[in-house]
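Peer 1: What follows is each chain in one-letter form.
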Amino acid sequence: MAELTLKTLHHFYEQLWRIRLLEGQVQRLAAAGEVPGFPHLSTGQEAVAVGVCANLSAGDYLFSGHRAHGHVIAKGSDPFAVFAEIIGRDTGLCRGRGGSMHLVDAANGVLGATGVVAGNLPLAAGAAWAAQVQGEGRIAAVFFGDGATGAGVFHETLNMASLWNLPLLLVCENNGYAEFTSREEHSKVGKVSAFAAPYGISAQTVDGNDVLAVHDAAQKAVAQVRGQGGPWLLECMTFRMAGHYVGDAQRYRSKEELAAVREKDPIERLQRHLVGKGTPQGELEAIAARVKEEMAAVVERARRAPRPDPASVMDYVSSAVLPQQA
Amino acid sequence: MAELTLKTLHHFYEQLWRIRLLEGQVQRLAAAGEVPGFPHLSTGQEAVAVGVCANLSAGDYLFSGHRAHGHVIAKGSDPFAVFAEIIGRDTGLCRGRGGSMHLVDAANGVLGATGVVAGNLPLAAGAAWAAQVQGEGRIAAVFFGDGATGAGVFHETLNMASLWNLPLLLVCENNGYAEFTSREEHSKVGKVSAFAAPYGISAQTVDGNDVLAVHDAAQKAVAQVRGQGGPWLLECMTFRMAGHYVGDAQRYRSKEELAAVREKDPIERLQRHLVGKGTPQGELEAIAARVKEEMAAVVERARRAPRPDPASVMDYVSSAVLPQQA
Amino acid sequence: MESTFIDIVRRALDEEMARDGAVHLLGEDVAAGGAFGVTKGLVEKYGAARVRNTPISEAAITGVATGAAICGLRPVLEIMFIDFATLAMDCLVNQAAKYRYMSGGQLSVPMVVRTQAGALGGAAAQHSQSLESWFIHVPGMVVVVPSSPVEAYGLLKSAVRLGDPVLFVEHKRLYAMKETLPEDAGPIPIGRARVVRSGTDVTLIAYSAMVRSALEAADNLAKNGISAEVIDLRTLSPIDMPTLAQSVAKTRRAVIAHEAVEVGGVGAEIAARLAKEAFYELDAPITRVGCPFAPIPFAPELESALLPGSRQIEAAVRELVR
Amino acid sequence: MESTFIDIVRRALDEEMARDGAVHLLGEDVAAGGAFGVTKGLVEKYGAARVRNTPISEAAITGVATGAAICGLRPVLEIMFIDFATLAMDCLVNQAAKYRYMSGGQLSVPMVVRTQAGALGGAAAQHSQSLESWFIHVPGMVVVVPSSPVEAYGLLKSAVRLGDPVLFVEHKRLYAMKETLPEDAGPIPIGRARVVRSGTDVTLIAYSAMVRSALEAADNLAKNGISAEVIDLRTLSPIDMPTLAQSVAKTRRAVIAHEAVEVGGVGAEIAARLAKEAFYELDAPITRVGCPFAPIPFAPELESALLPGSRQIEAAVRELVR
Ligand SMILES: Cc1ncc(C[n+]2csc(CCOP(=O)(O)OP(=O)(O)O)c2C)c(N)n1
Ligand SMILES: Cc1ncc(C[n+]2csc(CCOP(=O)(O)OP(=O)(O)O)c2C)c(N)n1
Ligand SMILES: [Mg+2]
Ligand SMILES: [Mg+2]
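Chains as they are written, first to last, in the numbering used here: chain A, 2 to 327; chain B, 2 to 327; chain C, 30 to 351; chain D, 30 to 351.
Watch out, some of these pointers could steer you wrong.
[What the hints assert, rightly or not] Which stretches of chain D does chain C cover? Using the computed rule of at least three CB atoms under 8 Å from a CB of chain C, they are: (1) 166 to 174; (2) 302 to 312; (3) 316 to 325.
[Said to hold, decoys possible] With a straight-line cut-off of 27 Å between C-alpha atoms, the simulated DSS-like cross-links for lysine-lysine are: (4) LYS221(A) - LYS189(B); (5) LYS279(C) - LYS305(D); (6) LYS256(B) - LYS186(C).
[As the list claims (entries may be wrong)] What follows is a set of in silico ranges between Cβ atoms, one per label pair, in the way DEER data are often shown: (7) SER58(B) - ALA77(D): 28 to 36 Å; (8) ASP213(D) - GLU245(C): 54 to 62 Å; (9) LYS305(C) - SER227(D): 40 to 48 Å.
Quick caveat, the hints were computed from the structure, so don't treat them as lab data.
Using N, Cα and C, we set each Cβ at its ideal position, and we do this for glycine too.
Isolated chain A (complex conformation):
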C-alpha cells in the first residue's frame, strides 16, 4: 500500500472530529429532549467509518444499521441533512420520516440504515448483485455489529455472497457488546472473521481504533472486491466509548474497562501519530476547532429547519399509480 499523504491524514483527522462532534451535538440535544427516538452513538468507533469509507466513492452502495451516523458522514453526506433528519425535520435526508436509525441518502449511495440488526446484510448483497449486473465497477459495503453475527441472515448472506461471487464488502464493527450483553455471553466464536473461512470468503481482523490500519485493510479488501475477486469480511475490533444508546447508564461495564478509553480513542491515536510525524499540536487543535464551529452552525441551522407538514403524513406509502387504500 502506498504511504498516505499528510493531507489525507489531516482529512481523516477532520472527519473523525466531524463525526465525534456531530454526535456530541446529538447527545446534547437528546438530553434537552430535542431528539425523538433513541439515538445510538458511534463515539469511539469513528475510525472504522472513516477508514473504510475513504475507499468508497459516491457511486458505491452503502448500508448501515442502528449506529449509522458516522458511516453516513464518512461516506460524504451533508452533515446538515443528516442532522436535520436525526431531529426529524422536513429538510432532513428522509424528510423526517426515517430518523437516526433509517438514514438514506440515495444520491450519495447511502441506500439505507436499518434498525433491525442484520436486516441490512442481504439488502447489501442484493445491491452488490445489482452492481455486478450493471458492470460499472461499483461495489456494495455494509456495516454491522458483532451482535449481528447471532442472526441467521448474516450466515445466509455469507453463503449467497460466496456462491454468487458478489462485489460485497462486509464490515463488522466488533465493539464487544450487543446492547448490554458482552460478546463472551452472545458468542463463543473468538473472531467474527472466522465465519468467512468455511465459505472461502477472504477475511481479516484489524485494530478498528486505528484509522490507518482500517484504511489499509479496507483498501486491500476493496481492491479485491472491485476487481471481481469476490466478497471480503473485514472485522474491526473497536470500543464503544458511549452507552448502547443515549441514556444507557452502562452499569454492566467495569470502571477498568471504561478507563481504557484514553488509550483506545481513535482520535487521540491519530493525534499521537500526527504529532509524532511532525504536525504541530496547534494545527490539529485548529482543525478540531474549525469542525466544532462548523458542526455548531449545522446544528443551529437544522434546529431552525422546518418541521414536516402533518398533512403530508400519507405521502410515500406506495406508487402514485395505485388507488389509495382507505
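Following the hints, complete the assembly by docking chains B, C and D with the ligands onto the known chain A.
Peer 2: Relative to chain A, chains B, C and D with the ligands alone:
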C-alpha cells in the same frame, strides 16, 4: 469402540430392510393414489438412521424433517402406527393429523418431524436444554439435510448450542442435493462439519452409507454429548437413491451418478460385510424375507385401519380450558 | 389453444424478461424449473445470470431481491410455499414495504414475490396455508391473488411493472386449470376488482381459487331462482371498495368467501368496510365463509371436512335469502 | 403502594418463577434486566440457568423455547420489539401454534412470548408497530393484550399456566403507568373481556393502551350527555364475543378502537362478527378507529398526526350518535 456383536449387526441389517421395505410400500401405495401429500423417501440413506439411533434410547429426544420415516422406525416406533399415519388413519401416530412430514411419537421420544427445512433445529436445541435442566442423562438428536445449512436458523442454533453447552447431537444427512439443486449450487462449503469449527463444536464427517462407520462415529459423539461435553455435529455423506419426493423424475441427475447406487447402497454394503464375516447369504435372505412379510402385514393392517372421523376435525387446536374460537 | 395456469404464468414471466432486461428470477430450484415447473426452460433462454437458483435461505433471498430492486433491478423471486414466507417477514414487512416511506420517497422496491398457497391433497399443516391477510395489514405491500390462468397473466405483468413490492399468490388448486389466452391479453390494472357474473339478490365476493367455488355456488343458486353476483377481488391490497359497494347497493346482501382461516382473514376487512360504508343498504347480515379455526389436517377426510367451498357458500346464501 | 407496569410485570414473573421451577426466562439481555428493565434482578434471585441471555437470534430463541416447552419447561421468552417477531414467524406459526394439532394431541407448547409494541416518541417505522392481528389468524396461538399494570399481572399469570403458546403484548406507552396491585390479585382468566365502564348509548371496544383512550373519550362524551360503555378485550384470541354481543344489544352502536393499522386489524374481525351476529340489533354503522394506512413516521408531528387516540374515538362516536 468395542467390536459389535454379530447379533447387533444382524439387527442393523434387519432395521435397514425394515426401513427400505416400509418405504417401498409407501412408494407402491403412493403410485396407487393411497398416500395423501407428497412423501419423501430415505431410500439409500437408511444407514444414517440405523447407525445413529442405535445409540439412542427411548428416553432420548429425537427430531427430524421431511424425510423422517427411517429415523422414526430406527428410533423404535411401531411400524404400524408410522404407516397408518403416513396414509392418514385414525390409529396413526398423530391420528391422521400429521402425515409423512409431521411424525410424532412422544412416548418413544420422537418429538417431531417438521416440513420446514431447518425448523427442527432450534426445537431440538430446546429439547436438549430441557434435558439439561432435567438432569436425567437424556440427550436430544436432530436429523437434517445439507440443504438446511443454507437456512439461518441452523447457524443460530449452533451458536446457542455452543453457548449453553447443550446435550445436542446434530446429524446432517448430506445427500448432495436440496430438492433438484446440487450441493455445489447451494453452497461453496466443502464439508458441512466445517460450520462447527468457529463455535468450537466437535464435528466429524463420515461415510453415511456404511452403517458401521455411522454407528461408530455416533457412539463417540453420543458419549461426549451425554457426558455433558457439549454438542456434536456429525455429517454423514450419503446417497439419495430415490427422487426428492415420490414422483420426481430426476432429470437433473446423470446416468453415471445414479449408476453408483449398487456400490453405495447401505444394505448391499452391510451384506458384503456380513458375508465376508461368514454369515451365510441364505441367513441374510431369510432376514429380508421375514421383514418383507412383516411389513406387508403392517401395511395391510394399516390400510384396513379406520379413517379419522370428520366430526373430530376441530379437536386438538388448543387447551380444553380455553373458550372455543368461532 | 388452452394452456395451464403454470404455462401461462411462465409465458408472462418470459415476456416480461424479454421486454425488460432488468427482470431477474431467483429462488430455490427456479433454474431447475421450480418445484412446480413454472420457470421451466427460462434458464436456457435467459441464462443462469438472470434465472438464479438459491440456497434454502428465504430471508436472504428476499433481502437480496429487495436490495437489488432498490438499485434498479426488477427481481421476481419465488417463495416455494407461502408457509415459508414466515421466514422472510422481517424483510418483507420491515424493509421492503417501508423503504419508500422511510426514505422519504428516495427509493422504491419494484419486486414481485411469487408464492404458492392453499390446501390440496394432503399437503398438511405446514404446506397448505393461506396467509395473505397478514400482508394487507402492512402499508406499502401490494397483494395480488389471481383466480385463473388468464387473470394471472395480466396481473403478473402489471405486478412486474408496478414499482412496489407485490406479493403474488398462486393457489395450488389453480395450477392445473386451463384457459385460452386471448390474443389481445395484456396487463390487468392492479387495484380493480372484476364482476365475473352479474346478479341481483346477493353479492358473492371471492378471490383466488374461491372464485370458481363462488361461480359454482351461483350456478346452483340460479337453479333455485336466486341470482348471485360474483366479484373477483383480484387485488387484496389495495381493495377496490367502489366496485364492492356498488354491487352491494344493488343486491343488498353480501357473502365473502375465502379459503384462509375465517378469523382475521381478508373477509373480516371487507365485512368491516361494508358494515361501515354500506350499512344502510344492507338487508341482511354480512356473512363470511372461511376456514374454521384449525390448522389444515393431513388426512383427506379431515382436510375436506375443514376446507370451505361452494357448498358452504351456497348454504350461507340460502340463510340470507329466505 | 403504586407500582409501574414494568414493576408489576416483574412481580408476576417473579411469583410464577417461585411457584413453578419449570418457568424459565430467555431473551436478549434478559439477564441484564432486559431493554426496559422488566426482568431486572431476576437473575440474581433465580440464577443464570433460569434467566438466560441469548444472542440476537429471534428465530432460535423462539425455537429453543418451543422445544423446551414440549419437554416440560415453561419458558417465558422475550422478543424485544414485536417488530422483530417477524424473525420468529416460522416457529410461532408453523411449529408452536400447530404442535398440539399436528401431533394429534400428544404434545403441547406451554410458552409465553412476551413482547413490547406500539408507537411512542419517535421509535419510528421498525420499532413502533402493532402486529397482533396477524396472530389471531393463526389457530393454536393465544393472544393477550393487557391494558394496565394490574391487568398485566393477572393475565400474565394465567398465560404462564395455560399450556398453549401465548403472545403477550405489552404496549410501550403503558410501561410508565402506575397502579396499586390489590392484595387479592390473582390470575385473570384468558378469553374473557371486561366491561370497564358501563353505558347505554354506544359500546367502545378497545384493548391495550387504547383502553385508556376509550375511557378518556367516554369521559368527554359524558359531558355531552352521551353514555359510552367501554370494554377491554383483554384477549384477542380467543375473542369473547358473548360479552361484546350483550353490550351491543344494549347500546345498539359499536366503535372498535386500536392503535394497529386499521386495514386488516383486529377491529376488522370484531366488526365482521358484529355485522353478522348483531346485525339486527345495530342502529348505526359499525365504526373502526385505527392507524391510517402508513408506516409509523419518525418526526413527532407526523407520528401524532398518524396515531389514533381519544380524539378519533370521540369523533367516531359523535358521528354515530347524532
Ligand atoms: C433483530 C433485532 N433484534 C433485537 C434488536 C434490538 N437491538 C438493537 S441494537 C442491539 C445490539 C446490537 O449489537 P451489535 O450488532 O453488536 O451492534 P452495536 O450496538 O454493538 O453497534 C439489539 C439487540 C434489533 N434492533 N433487531
Ligand atoms: C424453509 C423451507 N424452504 C423450502 C422448502 C421446500 N423444500 C423441501 S425439501 C427441500 C430440500 C431440502 O434439502 P436437504 O435439507 O438437503 O434435505 P434432503 O431433501 O436432501 O433430504 C426444500 C427446498 C421447505 N420445506 N422449507
Ligand atoms: Mg456490538
Ligand atoms: Mg440434501
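Peer 1: Could you run down the list of hints and mark each one as holding or not?
Peer 2: We went through each hint and held it up to the structure:
Taking a C-beta to C-beta cut-off of 8 Å, the region 166 to 174 of chain D contributes 4 residues in contact with chain C, enough for the three needed, and the coverage statement holds. Chain C is given as covering the region 302 to 312 of chain D, and this holds because 7 residues of the stretch bring a CB closer than 8 Å to a CB of that chain, at least three being needed. For the region 316 to 325 of chain D, the assignment as covered by chain C holds, since 5 residues bring a beta-carbon within under 8 Å of that chain's beta-carbons and 3 suffice. For the proposed pair LYS221(A) and LYS189(B), the alpha carbon gap of about 23 Å is at most 27 Å, so the pair holds.
Distance check on the hinted pair: LYS279(C) and LYS305(D) sit about 19 Å apart at the alpha-carbon level, within 27 Å; holds. Taken as a hint, the LYS256(B) and LYS186(C) pair is broken in the structure, with Cα atoms around 39 Å apart against an allowance of 27 Å. Remark: the range hint 28 to 36 Å for SER58(B) to ALA77(D) is upheld by a beta-carbon distance near 30 Å. Against the hinted window of 54 to 62 Å, the Cβ-Cβ separation of ASP213(D) and GLU245(C) comes to about 58 Å, which satisfies the hint.
The hinted window of 40 to 48 Å between LYS305(C) and SER227(D) is violated, with their beta carbons roughly 25 Å apart.
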